[in-house]
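The listed protein sequences derive, respectively, from chains A and B.
This note's numbering puts the first residue of the first sequence at 1, with every later residue one more than the last.
This note's numbering puts the first residue of the second sequence at 380, with every later residue one more than the last.
Calculated from the structure, these hints are not laboratory results.
Be a bit skeptical, because a hint or two may be false.
What the hints assert, rightly or not - Computed Cβ-Cβ distance ranges for the label pairs, DEER-style:
1) B:642 <-> A:302: 41 to 47 Å
2) A:303 <-> B:751: 55 to 61 Å
3) A:21 <-> B:665: 21 to 27 Å
4) B:686 <-> A:257: 39 to 45 Å
5) A:21 <-> B:380: 46 to 52 Å
6) B:642 <-> A:17: 45 to 51 Å
To be verified - 27 Å max Cα-Cα, derived DSS-like pairs, lysine-lysine:
7) A:191 <-> B:639
8) A:194 <-> B:392
9) A:14 <-> A:39
Don't be surprised by glycine CBs; every beta carbon is placed ideally from N, CA and C.
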Amino acid sequence: MNDLQKELTTSLAKFCKDSIEPHMEADDHDGKFRMEIFKGLGDFGVAGVTLPTEFGGAGLSYLDYVYVLEEIAKTSVPYAVTISVSSMVQTIINEYGNKTQKEKYLPALTSGAEIGAFALSESHAGSDAGALKTTAKKVDGGYHLNGTKMWITSGGVAKTYIVMARTGGEGSKGVSAFIVRDGMKGFSYGKAEKKMGWKTSSTRELVFDQCFVPTENLLLDEGKGFNVAMGGLDRGRVAIGAIGVGCSQRALDEAVRYALNRHQFKQAIFDFQGLQFMLSDMALETEASRLLVLKAAESIDAESTNSKLCSMAKLKATDTAMKVTTDAVQVLGGVGYTSEFPVERFMRDAKVLQIVEGTNQIQRMVIARHLKKEYEHHA
Amino acid sequence: MWFFTQEEKEIQKVCRDFAQKELAPFAEKHDNEETFNLKAFKHMGDLGLLGITAHPDFGGAGLGATAATIVMEEFGRACAGSTLSYLAHTILCVNNLSNNGSDVQKEKYLPKLCSGEQIGCMGMSEPEYGSDAVGMQTKATKDGDFYSITGNKMWITNAQYADVVYLYTRTGPGKKDLTTFIVEKGTPGFSVSKEIHKMGMRSSPTGELSFDKCRVPVANRVGKEGDSTLHMMKNLEIERITIAGIALGIAEACLAQSIKYAGERKQFGKTLAHFQMIQKMIAEMYSETEAMKRMLYTVCYEYDHGQKSNTLASAVKLQLPKMATKIALDAIQIHGGYGYSREFPVERMMRDNKLNEIGAGTNEVMIMIIAKNLLNEALRH
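Sequences are here, hints too, so could you generate the full structure?
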């Protein structure tokens with residue numbers, strides 16, 4: 001870490017401890033999201049870390065951003081996810097939007113005054129996103145959107161949505177990307193998902209019923225929706241990896257601290273070799289994941305994004321988060337299973353990291369595709 | 380299993396029907412609301428299941444570990460939380476009482492516990508003494524015809540509903556100075572002090588028991604002073620075997636649910652069943668579940684035929700819950716976003732099963748016991 005990263009993460013850690021941590025247990029129980037916490041993160045300057053300063057961003061590198069996400073995730077995986085999805089939306093608008101779109105939507109997002117959300121998945125189009133059915137029919141001055149989006153992170157609390165809808169024929173080439181605002185006529189929120197974890201983050205259906213979206217809200221051109229979606233993919237994966245690392249690190253911190261303090265059979269349980277093996281493996285896997293995530297982030301900063309590495313970082317860091325949090329519950333035993341300690345929450349939060357931004361099965365397919373490409377001409 | 384007796388096969392059928400009708404449909408609701416399915420629990424009494432291992436003279440069914448484990452498996456498939464409460468009642472309270480109580484005590488308590496008129500629990504763990512249970516500090520001091528009991532018992536399944544507590548206490552400074560009592564609800568000085576919120580097994584109530592100079596008659600002492608260690612030893616194997624039965628039920632339910640989903644869910648124009656990655660997960664889940672089942676019921680059979688093995692019972696307790704957590708995590712993974720939501724039961728099953736790796740002796744304690752038994756000779760030198 002350089003001086004800036006050290007300073008940033010140290011003060012961010014303090015902010016998280018003072019302003020987020022005290023709410024997490026109760027809010028997890030009640031499934032409550034707090035806009036003031038998100039705005040607080042915005043005031044802190046981490047709602048748009050990598051966005052250029054001219055649109056209110058912090059103008060920092062992806063590596064800096066990865067450290068930020070890890071730090072927030074140590075306190076709250078759901079708030080880190082909210083930041084990461086909103087940041088992805090900003091990156092997409094910044095990369096593919098025109099000047100008017102950037103000026104109109106970015107400042108509120110980079111400052112943390114508003115939240116951005118990304119709507120691709122549908123009930124029958126999860127991993128197979130190209131099969132999406134939501135339609136955008138050309139009408140005078142814009143489009144009519146019809147359909148339902150599912151599992152939308154920040155659904156209901158976000159103001160700016162990037163929505164993928166079909167303007168052409170079947171397959172990914174018939175999909176276009178639209179900027180849809182909260183409150184647009186014909187746009188409403190469907191059921192809120194009851195989930196195993198990520199409870200402080202809202203996950204909802206978005207329902208479009210003859211929702212009119214003006215032509216000026218189309219990103220790029222018709223049929224370019226998947227280019228837009230895929231453009232943010234690698235970065236999104238590394239972001240989820242970084243959140244996985246934070247999740248693992250917190251679980252490790254809790255487990256080691258507990259093992260040092262908890263005495264059974266007249267000695268600290270840390271001194272049992274069986275526990276030492278578990279804790280060492282947890283530390284090892286966490287560090288290995290972190291290195292992969294940092295390496296992938298560096299490739300993004302160097303503008304030589306290595307997609308295979310991005311998939312590997314997401315896969316490794318989230319599988320590790322699942323393993324490390326599960327073991328942390330085990331180290332804490334009975335109290336680990338209760339809501340008195342945060343480890344069971346982190347374990348529940350970890351599971352979906354293996355599912356979002358491309359399930360870990362999809363990541364393995366991506367890695368295999370790269371391997372094939374690399375080795376094919378030698379065969 | 381091919382070696383189940385006719386009676387065991389019948390119990391399997393009765394329990395499967397009951398579980399699918401009275402447990403499964405309500406499991407999600409009770410998990411959500413952290414409430415106990417009392418109605419179903421009472422019905423278990425009507426079916427004669429609440430004293431499955433207790434002597435028939437006192438209202439029990441007089442059956443063995445195999446029968447009890449079959450119930451756990453069948454119920455565990457449908458609602459693990461209710462099953463855990465069933466286990467705390469039948470195995471931790473009733474079975475202990477049936478094995479160690481005097482005829483007078485058995486006559487007084489067992490019929491009502493076996494019929495379901497009353498609910499039982501066991502008090503062993505304390506906030507500072509979990510794995511190291513024999514270090515417990517809840518003290519019982521003799522005072523004429525009574526004992527005065529003071530201390531706290533933690534993570535007690537059924538605490539809020541229990542009419543009868545099978546309670547372990549300390550009556551002296553020595554490692555084995557532990558004495559067992561039967562404490563009834565309403566005894567002055569005994570209260571349930573707090574409800575514990577858990578990750579899973581949320582339909583099974585968990586609480587803390589508090590004893591503040593609680594006066595318990597000498598007549599409620601089980602056996603002699605210092606008998607607790609003996610009582611614990613006698614019950615260990617069946618506790619470990621039966622809790623593994625819950626893990627088996629969960630694994631089977633996760634497998635069945637995954638097979639169903641893989642056949643229905645289409646992505647990229649074909650069902651998930653066509654993807655080798657999904658096939659691999661399902662094939663492994665199946666092999667593991669079968670290994671679990673066969674290991675578990677072989678150990679049950681041996682137990683019922685007089686070959687009790689602490690090492691094997693601990694190995695069962697180590698293997699089954701661990702494998703079930705892996706299976707349940709994979710089941711969520713197969714279900715993707717749906718698996719993470721409460722629309723499908725697999726995320727609940729995963730949360731429920733994690734407890735099986737912790738309750739009734741953690742995986743780590745099982746490892747210690749197995750290693751100690753295997754390396755006994757070497758450790759002495």
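Verdict for residue 686 of chain B, residue 257 of chain A (Cβ pair) under range 39 to 45 Å
44 Å, holds
With respect to the beta-carbon atoms only, verify the hint that residue 303 of chain A and residue 751 of chain B lie 55 to 61 Å apart.
59 Å, holds
With a cut-off of 27 Å on the C-alpha distance, tell me whether residue 14 of chain A and residue 39 of chain A pass.
16 Å, holds
For the pair supplied as a hint, residue 194 of chain A and residue 392 of chain B, confirm whether the alpha-carbon distance does not exceed 27 Å.
33 Å, violated
Would the pair residue 191 of chain A and residue 639 of chain B pass a check requiring their Cα atoms to be no farther apart than 27 Å?
25 Å, holds
Take the C-beta atom of residue 21 of chain A and the C-beta atom of residue 380 of chain B, compute their distance, and say whether it sits inside 46 to 52 Å.
Once the Cβ atoms are compared, 50 Å apart, the range 46 to 52 Å for residue 380 of chain B and residue 21 of chain A holds.
A range of 21 to 27 Å was offered for this pair. Does it hold for the Cβ distance of residue 21 of chain A and residue 665 of chain B?
Given a distance of about 43 Å, which is not inside 21 to 27 Å, the answer is violated.
Residue 642 of chain B paired with residue 17 of chain A, Cβ distance criterion 45 to 51 Å:
Holds, since residue 642 of chain B and residue 17 of chain A (Cβ atoms, about 48 Å apart) stay within the stated range.
Confirm or reject the claim that residue 642 of chain B and residue 302 of chain A have a C-beta distance inside 41 to 47 Å.
45 Å, holds
Of the numbered hints given earlier, the model fails hints 3, 8; all others are met.
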